[in-house]
Structures are given as structure tokens and as C-alpha cells.
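Sequence lines, in order, name chains A and B. Counting in the numbering used here, the first sequence runs from 1 upward without gaps. Counting in the numbering used here, the second sequence runs from 1 upward without gaps.
No lab work stands behind these hints: they were computed from the structure. The C-beta atom is built at its ideal place from N, Cα and C for all residues, glycine as well. There could be a bad hint or two in this list.
[As the list claims (entries may be wrong)] Simulated DEER-style distance windows between Cβ atoms:
#1 B:ARG228 with A:GLN402: 51 to 57 Å
#2 B:LEU207 with A:SER414: 29 to 35 Å
#3 A:GLY242 with B:SER154: 34 to 40 Å
#4 B:MET284 with A:PRO328: 40 to 46 Å
#5 B:MET114 with A:PHE30: 42 to 48 Å
[Unchecked claim] Lysine-lysine pairs mimicking DSBU-like chemistry, simulated, CA-CA at most 30 Å apart:
#6 B:LYS254 with A:LYS35
#7 A:LYS35 with B:LYS94
#8 A:LYS52 with B:LYS140
#9 A:LYS157 with B:LYS200
#10 A:LYS21 with B:LYS196
#11 A:LYS166 with B:LYS54
#12 A:LYS166 with B:LYS200
#13 A:LYS52 with B:LYS196
#14 B:LYS5 with A:LYS166
[To be verified] Residues on chain B that point at chain A, a partial pick, calculated with CB under 10 Å:
#15 PHE57
#16 PHE81
#17 TYR201
#18 LYS202
#19 HIS203
#20 LEU207
#21 TYR218
#22 GLU220
#23 LEU221
So you can see what is in the structure, the chains are spelled out below.
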Amino acid sequence: MNYYTDNKDIAFQLQHPLMRKIVELKEKNFADKGKYPHAFLDVDDALDSYDKVLAILGEICGDILAPHAEAIDHEGPQVVDGRVKYATHTQQNHDALTQAGLYGMSLPREYDGLNFTMVPYVMAAEIVSRADAGFANIWGLQDCAETIHEFASKEIKEEFLPRINKGDTCSMDLTEPDAGSDLQAVMLKAEWNEQKGMWLLNGVKRFITNGDAEIKLVLARSEEGTTDARGLSYFIYAKEWGGVRVRRIENKLGIKGSPTAELVFTNAPAKLVGERKLGLIKYVMSLMNGARLGVGAQSVGLSEGAYREALKYAHERMQFGKTIVNFPAVYEMLAVIKAKLQASRALLYETARFVDLYKAYGLITEDRKLTPEERSEQKNYQKLADAFTPLLKLFASEYANQNAYDSLQIHGGSGFMKDYPIERMYRDARILTIYEGTSQLQVVAAIRAVTTGAYLNRIREYEKMPLRAEHEQLRKVLITMAEQYEKAVEMVTDKNDGEQFDFHARRLVEMAGHIVMGYLLLLDAQRSDSFEHSAAVYITRGKVWNDERFNFIANFVPDHLGAYSVMKETKAE
Amino acid sequence: MNSLKIVVLAKQVPDTRNVGKNAMKEDGTVNRAALPAIFNPEDLNALEQALRLKDRFIGSTIQLLTMGPGRAADIIREGLFRGADGGVLLTDRKFAGADTLATSYALAQALRKMQPDVIIAGRQAIDGDTAQVGPQVAEKLRWPQVTYAEEIVSYDGKEMVVKRRLERGVETVAAALPLVITVHGSAPACRPRHAKQLMKYKHAKTLTEIQEAGADYYEELQNIDYLRIPEWGVTDVGGEEAQYGLSGSPTKVKKIENIVFQAKESKKLTAADTDIDDLMKELMANHTIG
């Protein structure tokens, strides 16, 4: 089995018209050509290499990772003498991907990376997740390399980055017992030690994914006496420096192969990344955006897996003398699963392209100043990336859960048993709407793009795209939806009531999301028949979903809020 | 240090593991066009053994040697992607129609030219299942051979200690170099293709392929040595022409039969221990198990 070549919808995204520009920018006119034997010769050569390398990954995922997923789910990791020991097959997965050179995919070649753009990297993340969403965390934490590359000094980069490709794993140590969503409350202490010429870390971190990694990025309080974000800095730590003990690992509902550790830091030496006091404000925020894109990919991969399991079962299971896929109640569920899957994938790669474009311009500034046109393009794409990333995280993770739920439902009683993979996928999906910022926090990030008009502006851009005649009817639906959305935003903002605005925020963000994904599916349908049906399903249902939200907002009178806010005074017995 | 010059013998075969209904032609021969061409599975086990030697003995090199039509250059590239250093494609119309004897003659001629310290091959190819070519190559070179290898345990500069997988157990033997080893499918699977090796070597081509590509070929790559896969024909490897191809092949196919496996009569057993015991003994006696 090859999880890349068996899914044409992924390779389709490599053919997107913007890819040529993305590759050209990232490769800086193919400056590495001749310097590295594996550097690309031109855009076509790059796209061909993306395709072929993803085929290596797809084969490993289909032949090694996927068959291991069940055993890993049962065995799980353990703590032995203050260290994490992976499940047997987790280690084998990691070794296979290391042997194939699939760590450090987006790092520059000078640090032993593959210099891939975000789009193929995100594809890889999606494919790994389809095979085993839990393992995807261990593989995906190579994201940390991006942060090191972007913000750390040359010495730190040279010391740490080449280790990624050799198979050293990473962790990002942010959460503490009293600092979850509110990271300003981080207490882990960092003190400069003149004698050692290093910072020393003391304190506790909790819920740390892959917590016993070889390389850690640690958020810690470097400014004594402070209590807010401005006292936090970012540090890098290598396992061989000692001073960090794994106290325990969590017993979780899902993604059981991914060890979630509680760590005790006792005079653990560390080096400062970037500048003091910018830890949370700048570096973690950047890391978080990357991680949210990662969870988007993880969610789409899981959706793909859930969809395939449902489709297979529905065609195999006989009831009342026919396979159950013949019943409208079942094929409707399948069509909706597929529409949500393809919609969230379209949003995933649209977001990845925006990230690619603004980051590529950022890399160019290392060598020369950008022209005014380039600068404004960079700014534009950065804004779009900021607007689309929380939208992606919100929708992809919620859809992964809805799809796993419906897929299990199609399996009936069998789905509830441990005999089919959907049971594991259903549990694995649950964390996706929670970590790297809950869905509720994604709304807080996304609502800005509602009020600034960033979503509406983009929707207007999509509106202008040429369509085939048979798609005009769907465009008309989307245009009506955009008008309705605009009205809903006005209704909510006109009230000048902060509490009500927050109360309706998710409804507004979701309305925007349905329109955006509707357009993306419609645009993809111009270039491939694979999206035709999903565009029709998604847009017609999106219209109904938006009507419901609009009606709720339109019929809402301020007094209604009390029926909800009363919960503030209602306490558990 | 004990660096080694290793040659891995590899064959491109039709993928007989996934046989569809078009797999055989009406005359009972393999329909090669209907089956994807793959790297013979046990040759991949052999390549992994070679790569492990290369990992252990710094400075070692691996060359692949394959005989076949032009498209068999894929086998060389596949080996390069997984960590080999180069390869030779033995290709010539005069090699066509070779049975195992003529094949091993051609391979032996090429190997004399390549002068390796150790030759590693898969035990057998899935299209013929003869397991003859490795041993015949050893005989032609008058080198010792270790067949059915599962693991190369050690190498001290003169001798290799090899673990063999036999029907009834394992056997560990030592043999002096130069040496031919054939590797059994129970040996570790080959490591995956490496992303950077793939990007480096995907442009490796034979001269024939470069000519076929025409304007699609990147001219700037023309003078990069490691991107040229040598093609050797009869004139390159010498020897007696009569020993090659059809004329060098004494094997004559007398008849081809289509065998359809059918379930034989069934046997009823009670749950009694004696019945189970008897069945176990019977299965062990006819080598079904044990």
C-alpha cells in the first residue's frame, strides 16, 4: 500500500498554479544547484522530486506505520528509570522514517534538510496521520526546527539543526499545571549561571508531547519578579545535558502511542533562543501557528482514514439482502463525510500556500531587501496566513471528529468493538479540537479576520474567479451566502456589546468558513472532476448551516443572553 | 581498515505476487507486459546485507550488477536510492534467451571485470525460482559460496562468518574471501529509499536512456560521472559468444502445464488428544510443519 499514490487528491494540490511561484521563491533562483547533489535543477524538477519523495513516505506509511498502529495503541509507551520508552513499533516507525531521510524536510540543505516548501511537508504530515495520528506527533515535532531556524543564533542552528535529519526528536515544553491556554502564567524558572555559562532551568512542565525528546524548546521565566508574558524567554535544551526527569506519563483516551509526559527540571542547563523576553510574545506565537497548521494536516489525514474505513465497510456489509451503501441514510452520511474531508483539505493547502509565500519572502530578506511590490505581497500573504490558520485548525479538527463519529456509526455495533480501526481513530480524533489551542481559542484568533474584513475580502477575490458554466448556479448560492454573512456581522457588531459579540463569535467565524471552503471546492472542481460532487454537497449544506446561524443571530434579543449566562452562578452540588 | 568491494546481483522480475487474470498468456508463458516490473524481493534482502557491511566497514563500496533489457536500469537506480554507489547494466541482444547457465556465464564475465571481494545475491528470483544463478556464478569464478544466508555475522579481513537459514534450523559457517553469498528471504527487509539519494540519483541514466530522452534531458548533467549508468555488452565483457544467450542455454522447455490447485478430500478429527497427536506427527512427517 502506498498512502500517497493511492490518493490523487493530494498530488492534485502539487499542480496548483501558485506552486511554481512558491518553488521559485523558496529556491532563490535555484542557488543551491551544483552545491548539493540533491538540489533541484528547476521548478519541474522540484515538483517531480516532491512527488517521488512523497511516494517513499507513502510507502512507509502504508506498509509499516499503518500495520503498526493497532499494536502501538495497545502497548503504548512506558516510563523506565525516569525516561520514556516508546512502544516497540513506535521506535521501528521512527527508525524507518529516519533511514529514509524524512526528518528535517523543510530545513535548508546547509542544515542537512530537504528544503521542501510547506505544501509537500504538510502533505507528508497528512499522510503520516492517516496511517497513525498518534505517531504523527512524534514525526511532526520536527516543526521545532523551523522555530530554531527562524529565531536562534547561528551557533545554535549549527549545533542543533543537523541533528534533526539524523533522527533526534523534538518537544516543545510550554504547558505547566497552572498554565494551559493561559501561557502567560508559566512559572518554570530560568536563571543565568555565570560559572557554567548557561541558563539553569528549575520547575515542572506538564502534558508535554514526546516529553523525553533529544531536543527541547522550553518556555521559562527569565525575568525575576515578573508575572506576565513579558518575563518569559525561550530556551533550547539537549537531553545529554541532564537535569530533566520524566515523573510520569499520562494515561489518555487516544493517540496513546504519543507519550505525554510530566517533567521535572532540576538545574537543567539550557541556551537562550533569540532575545530575552520575546519567548511567548514572538517565538511561541510563531511556533504555535506552525503547530496549528500541523494539527490541520493531522486532522485531514485522520478524516481520510475514517472516510476510507466507512466506505469500505459500507460496501462490504450486507443487510436486508444488499450492501448497506445502497441505503440513502448511509450514502448520505458517506457523501457528507467526503465533502467535509475534501473541504478541509482544500483549506489546508490554501493555508499552506499562504504560509509558504510569506515565509519565502522572509528568507529572501536574508540576502537582499525586498522591492516595495514584494513587501506588500509578503504582508498580504502573512495576513491571509494569520486569518486562515485558526480557521483551518477549527474546521479540520471538528470535521475529523464528525467524520470519525459518522464513520463509526456506519460500522454499527462492529464499530464499537476493538476489531476495526475506526474505534481507535474515533478516540485519536478527540484531542484534535483541544491541543495547540482549543476550538474556542481558534475562534478568538479568527474573529479578528471577521471584523477587519479579511475573510470577506478574500471571499470577494474568489467570487471573481472564472468558472465553468455548469457551476454558475453554485456560485450564485455562495454570493447569497456572502451577503447574508455580511449582514450577520453587521447585526452583531452594531450592538456594540462585547459580551454579545463574543457570544456570537463562533457563529460568524463558521459562516465565513463555510463560504471560503465552498469556493475552494468549487475552484478545485474547475481543474478536476474529483471535487464536483463534494462542491455541490458542501455548498448546498453550507447554505443551510449558515441560514441556521443567521436566523439564530437575527432572532436573538439581548434578554436571551441571561438564559445562558446564568451558568456563571449555577454551581455543581 | 577492512573495507570491501561488494557487488550485489539483482534481477528485474515481473511481480508474480500480485497476479491478476492477465498474468499468463494462452501458451502458458508469463505475460510480462501485464505485470509490473519489480526488484526481485530476495535481491533486496541481499542489498540490505551489503548496506549493513558498508555501514560497518567504512570505505566499502557497493555496485549493482543486473542483466536485462534497457528498462532494467530501474534496478540500478532503485539500488542507488537505497545507498548503493553505482551499478552496471548488462544488456545486449546476444544475451537474450539465456537460461541460468548462460546468465551466470555472462554475470561471471562481468564480475571478472568488476573484481569484487564479495558478491551478494538473492537466493532465487520469483519468476524462475531456480536458485541456480548464485551458485553457478560461484562455480564459474571458482569461489567458495554460502547459500541461504540470513545474517553476515562478522568479517575479520579474511573470512566472513555467515548464519544460514535451513529448513530444520540455522547453521553458522565461516568462509574465506573472495566469496559468493546468496541471501534468504527471512533476512531483514531492505531499508527504504532515502529522500536525498533519490533526488541525487533520479537523473542517473544509461547512454541509451539519455538518447531516448532527447531534448528532455538536462544537458548540464551530461558530464557528472555518478549519473551515468554503464551498459556492458558482449564486447565489453569478452568470452565465447556461443556461451551467451540462447546458444549457451542447454535448458529446453518440453511442456508447460497449467496447474490448478484443488482442495483434496477432508479429514475429520475428534477433539481427543490422540487424534491431534497423530495429525501433528503426520504434518511433521510430510514437512508441512517443523
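Would you list, in rising numerical order, the hints stated earlier that this structure does not obey?
-> 2, 4, 5, 6, 7, 8, 15, 20
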